[in-house]
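Please build the complex by placing chain V on the supplied structure of chain U, with the hints as guidance.
Sequence lines, in order, name chains U and V. Sequential numbering from 0 applies to the first sequence in numbering that gives the first Met the number 0. Sequential numbering from 0 applies to the second sequence in numbering that gives the first Met the number 0.
Check before you lean on any hint, since a few could be wrong.
Said to hold, decoys possible - Quick partial rundown of chain V residues pointing at chain U, CB under 8 Å, derived from the structure: (1) Ala28; (2) Leu69; (3) Arg72; (4) Leu81.
I should point out that these hints are in silico values taken from the structure, not numbers from a laboratory. Keep in mind it's a predicted model, so treat the numbers as computed, not measured. For each residue, glycine too, the CB sits at the ideal point set by N, CA and C.
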Amino acid sequence: MIRTASAILRKDLTIEVRTKESVPAMTLFTVTVYVLFHFGLDRDSLDGELASGVLWVTLLLAAVIGVTRLFATEREQGGIDSLLLAPVDRTALFVAKATALFLYLLLLEIVAVPVFGLLLLGPDLFAAFPELAAILLLADIGLAAVGALVSALAAETRARELIVPLLLLPLVVPLLIGAASATEPLLREGGTSEDLGRYLALLGGYDLVFVLIALAVFDYLLDD
Amino acid sequence: MTLRLEPGQTLAVIGANGAGKTTLLRVLAGLLRPHAGLARVLGAELPGETWRVRARIGYLGHDPLLYRELSGRENLIYQSRLYGLAPERVEEALGAVGLERRASEPVRDLSKGMVQRLAAARATLHQPDLLLLDEPRANLDPAAAERLEPLIGRASGRARVLVTHDVEGALAEADQVLGLRGGQQAFALPASEIDGPRARELYA
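Isolated chain U (complex conformation) (with noise of 0.2 Å):
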């Protein structure tokens, strides 16, 4: 299964080195939110509750695009019925598809969070470090994991670009109440947080839930 997922995996990310369709996509859209928000908001010193969910309410945005292209190669180019074919356990493409989303999401916020540190954050964004890197971490596997599933699910479908934001967003609510409530706290002036553990726990639940959910459920998702 390892050897099989890393050969997808290792194709994905030949097949986005050269199109660039997916990370520069991500970083892009984020990037120019942060500048909309450093002009709309008039502010360039946002901190706790409100810079922490504009932190994460765009990175989530941006996670739909990553999502919706996710298997955009494979229904385009045959890639799900020669997977199919192959004598492999389908899990491995799973496997494959949240990795490189994961890698995805990675890029996008080594370049986007010191983006929003410069354009909106009031409080020295490194001060949240590595705090800040353990939830992102976190996140970033839930997101990962829920975002491999939904894009599997709205692959075959007409309105895929409708039914990944449709699906994903409500599916990462429990994500993003963890994950912004952790980061308030370090978003603020000389800010700690004493809840910090209780949230990563339960950022660590909601990733194992749904890897395990996704795992059991994948192989029926590529059935015709």
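Chain V only, in chain U's frame:
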């Protein structure tokens, strides 16, 4: 319909557009679940046991199942990893379809004929026992079609289910002929017992 195909034999499937030829092929490949009836491929009952015979089936359909942004070689290397094949098998397959010199170019830059040759290399990379072929000579010039004979033709020695509109060609190379009309069997006969005019009635 009731059919039985022996090893090394060819079954030609003919019928007008929409008769169900491609659907039949996709059911046999395990890509579609049959709504009724029993299909047994290489001893495995479909769809429950498809996993047992996937490595023994080669499928060449309308879609080449190749990634346009990857080169021909990269596509075959990817397939070889899915099937757990040795890397040398990729160069052998490229040589067999005469694409060694264009193997590093992205598939999107190749002509339709070259893409079809590459798709044939993909379908036979794992040296399957059964070939499911849907218009396999589409877009091929006569020289390319001849070149692919040892891979996907009768000379391959493999059992083949061949979907085609070339009635005369099908009668010449098949052992059995299945005629489909509106998703139903119109006839299933040994090729020696059917002639061109009767076969063409399916298209009337």
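> At a threshold of 8 Å, is the proposed contact between alanine 28(V) and chain U supported by beta-carbon distances?
Replying inline: holds, 6 Å
Take the shortest C-beta to C-beta distance between leucine 81(V) and chain U; is it under 8 Å?
holds, 4 Å
Evaluation of the interface hint that places leucine 69(V) against chain U, nearest CB under 8 Å:
holds, 7 Å
_Hint validity - arginine 72(V) Cβ closer than 8 Å to any chain U Cβ_ = Cβ of arginine 72(V) sits 12 Å from chain U, so the hint is violated.
Comparing the model with each earlier hint shows a violation of hint 3 alone; every other hint is respected.
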